[in-house]
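Please work from the sequences and hints to get the whole structure.
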Amino acid sequence: MNDIPRHPSGIAPLLDLCDPALAERFDNRFVRELPADPLRRDVPRPVRNACYSHVEPAPVAAPRLLAWSDAVGALLGLARPASATAASVEVLAGNRVLPGMQPYAARYGGHQFGNWAGQLGDGRATTLAELRGADGRHHELQLKGAGRTPYSRHADGRAVLRSSLREFLCSEAMHHLGVPTTRALSLVATGEPVERDMFYDGNAKDEPGAIVCRVAPSFLRFGNFQIHGANDETDELRRLADHTIASHFPQLGAPSPEVYAQWFAEVCRRTARMVAEWMRVGFVHGVMNTDNMSILGLTIDYGPYGWLERYDPE
Numbered sequence: 025m026n027d028i029p030r031h032p033s034g035i036a037p038l039l040d041l042c043d044p045a046l047a048e049r050f051d052n053r054f055v056r057e058l059p060a061d062p063l064r065r066d067v068p069r070p071v072r073n074a075c076y077s078h079v080e081p082a083p084v085a086a087p088r089l090l091a092w093s094d095a096v097g098a099l100l101g102l103a104r105p106a107s108a109t110a111a112s113v114e115v116l117a118g119n120r121v122l123p124g125m126q127p128y129a130a131r132y133g134g135h136q137f138g139n140w141a142g143q144l145g146d147g148r149a150t151t152l153a154e155l156r157g158a159d160g161r162h163h164e165l166q167l168k169g170a171g172r173t174p175y176s177r178h179a180d181g182r183a184v185l186r187s188s189l190r191e192f193l194c195s196e197a198m199h200h201l202g203v204p205t206t207r208a209l210s211l212v213a214t215g216e217p218v219e220r221d222m223f224y225d226g227n228a229k230d231e232p233g234a235i236v237c238r239v240a241p242s243f244l245r246f247g248n249f250q251i252h253g254a255n256d257e258t259d260e261l262r263r264l265a266d267h268t269i270a271s272h273f274p275q276l277g278a279p280s281p282e283v284y285a286q287w288f289a290e291v292c293r294r295t296a297r298m299v300a301e302w303m304r305v306g307f308v309h310g311v312m313n314t315d316n317m318s319i320l321g322l323t324i325d326y327g328p329y330g331w332l333e334r335y336d337p338e
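Under the numbering used here, the first residue of the sequence shown is numbered 25, with each subsequent residue one higher.
To be clear, the hints were calculated from the coordinates, so they are not data collected in a lab. This one's a predicted model, so the numbers in the text were calculated from it and none came from an experiment. Treat the hints loosely; a few may be bogus.
Below, in silico cross-link-like pairs of lysine to aspartate or glutamate (EDC-like), each with a Cα-Cα straight-line distance of 20 angstroms or less [stated by the list, open to error]: (1) 229 x 159; (2) 229 x 219; (3) 229 x 216.
Quick list of the computed label-pair ranges, beta carbon to beta carbon [to be verified]: (4) 278 x 225: 42 to 48 angstroms; (5) 202 x 227: 37 to 43 angstroms; (6) 256 x 336: 43 to 49 angstroms.
From the three backbone atoms N, C-alpha and C, an ideal C-beta is built for every residue, glycine too.
Below, the structure is given as structure tokens:
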């Protein structure tokens, strides 16, 4: 891959998301190196011997930019869209896939509240691409609320403004509080209603729909590895582990039995540090199941989270 062009000052210019020059900075290692679901149907179904499924985000009626993180944009080398309805907003809403993007939904399982839940996966999240940012590092761009995937089960694959706004605000707040976390680039209204039973009391109502563009070096979870182990997919499990070590833990060296053990210890260390940072700020993750635990030790999936109103460190 070519180096990212820079100004004489050494600072990379910010590019519009639709700038053709950006195509050279997409480097989709996950898609390129790991086994894919051979079927290309966004129909909920069991998937075997694959790390992901190719999907296309479902277009929405009237995308409009509601919020943008300048800090994350600078990290990625992306300029704020010129208007709330600019062409780049179409990308952030899933209405347009750019050259160089290879959208997919990841396959994973998980233990939920102590019980093995089987196949779960990205039921309403679509990764657009891996982008080499202004820092030269890879960043995964993922749309949450972008429509159904093979992992949606009985869900509609959409998200409402209420929860999307909470995710956008909290992920950025946690970063600036010094807590390891995924980030948020943008919040886009879809112009479509989404039916939700907010209090699970049988009184479902339409709410405004929205999509968050989430950003992280990777959204790999414990459950990505568990699903292969649970289904005796040894080759896929080894390929995923080797890819993860090479891409995100290169300091450990080439994969080997000794390196696998060192990697496991490093995952434990990062996870413990993350939870300690949660406790430092009084953060409570509402669904700390293995499908919501990052292999990189990042806070992931801001669903029913909360904060301790009173906290006594003793």
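Quick rundown of the hints versus the structure:
Between the alpha carbons of residue 229 and residue 159 the distance comes to roughly 43 angstroms, so the proposed pair goes past 20 angstroms and is violated. For the proposed pair residue 229 and residue 219, the alpha carbon gap of about 5 angstroms is at most 20 angstroms, so the pair holds. Distance check on the hinted pair: residue 229 and residue 216 sit about 13 angstroms apart at the alpha-carbon level, within 20 angstroms; holds. A hinted range of 42 to 48 angstroms for the beta carbons of residue 278 and residue 225 is inconsistent with their spacing of about 55 angstroms.
With their beta carbons about 40 angstroms apart, residue 202 and residue 227 fall inside the hinted range of 37 to 43 angstroms. As the Cβ distance of residue 256 to residue 336 is approximately 47 angstroms, the hint placing it in 43 to 49 angstroms holds.
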